[in-house]
Amino acid sequence: MTKEVVEDAQAAVEASTETASAGVNGQQAYSTCIGCHGANGEGGVGPQLNNQAPADIVAKLEKYKAGEQMGPMTGMMAPMAQGLSSEQMEAIAAFIGAK
Numbered sequence: 019m020t021k022e023v024v025e026d027a028q029a030a031v032e033a034s035t036e037t038a039s040a041g042v043n044g045q046q047a048y049s050t051c052i053g054c055h056g057a058n059g060e061g062g063v064g065p066q067l068n069n070q071a072p073a074d075i076v077a078k079l080e081k082y083k084a085g086e087q088m089g090p091m092t093g094m095m096a097p098m099a100q101g102l103s104s105e106q107m108e109a110i111a112a113f114i115g116a117k
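According to the numbering used here, the sequence shown is numbered sequentially starting from 19.
I should point out that these hints are in silico values taken from the structure, not numbers from a laboratory.
All residues carry an ideal CB built from backbone N, CA and C; glycine is no exception.
It is possible that some hints are incorrect.
[Said to hold, decoys possible] Restraint-style ranges between C-beta atoms, simulated for each label pair:
| # | residue 1 | residue 2 | range |
| --- | --- | --- | --- |
| 1 | G41 | M88 | 30 to 40 Å |
| 2 | G53 | G89 | 12 to 22 Å |
| 3 | Q70 | P97 | 17 to 27 Å |
| 4 | K117 | A77 | 10 to 20 Å |
| 5 | S49 | N69 | 18 to 28 Å |
| 6 | Q100 | I52 | 12 to 22 Å |
Please construct the entire structure, taking both the sequences and the accompanying hints into account.
Set out below in C-alpha cells:
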C-alpha cells in the first residue's frame with residue numbers, strides 16, 4: 019500500500035465527514051472502505067466484514083482511532099478511523115451488517 023493511496027483514502031473520509039452534518043448515510047460512509055473490504059464487505063485486501071456483528075465493527079474502529087488496535091492493518095486503518103465520527107462508524111457498521 020502506497021502513501022498516496024492512504025492519503026487519497028484519508029481525503030475521501032475527510033470530505034465525507036464535512037458533508038455528513040445533516041445525517042450519516044452508511045452506504046456513503048462505507049464507500050471509502052470498498053477498495054479493501056469489497057462492495058458487500060466480502061473482503062479482499064482487508065478482512066471480510068459482512069460476517070461480523072455491527073457492535074464488533076464499531077468497537078474495532080474505535081480502537082483504531084484511539085491507537086489501541088495493533089496489527090498488520092494498523093498503518094492503513096488507524097488514519098482511516100481518525101477521520102470517522104462515532105456516527106459514521108455506527109452507520110458503516112449498520113450498513114455492512116445488513117449485507
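Should the hint that G41 and M88 are 30 to 40 Å apart at their CB atoms be regarded as holding?
-> holds (33 Å)
Beta-carbon spacing of G53 to G89 - inside the hinted bounds 12 to 22 Å or not | Given a distance of about 19 Å, which is inside 12 to 22 Å, the answer is holds.
Should the hint that S49 and N69 are 18 to 28 Å apart at their CB atoms be regarded as holding?
-> Hint holds: Cβ distance 20 Å, inside 18 to 28 Å.
If you check the beta carbons of Q70 and P97, does the distance land in 17 to 27 Å?
-> Roughly 21 Å apart at Cβ, these two residues keep to the hinted range, so it holds.
Honestly, do K117 and A77 meet the 10 to 20 Å range at C-beta?
-> Taking Cβ atoms as reference, K117 and A77 lie about 19 Å apart, which means the hint holds.
Can the suggested window of 12 to 22 Å be confirmed for the beta-carbon pair Q100 and I52?
-> Between Q100 and I52, where Cβ atoms are some 19 Å apart, the hint holds.
Checked against the numbered hints above, the structure breaks none of them.
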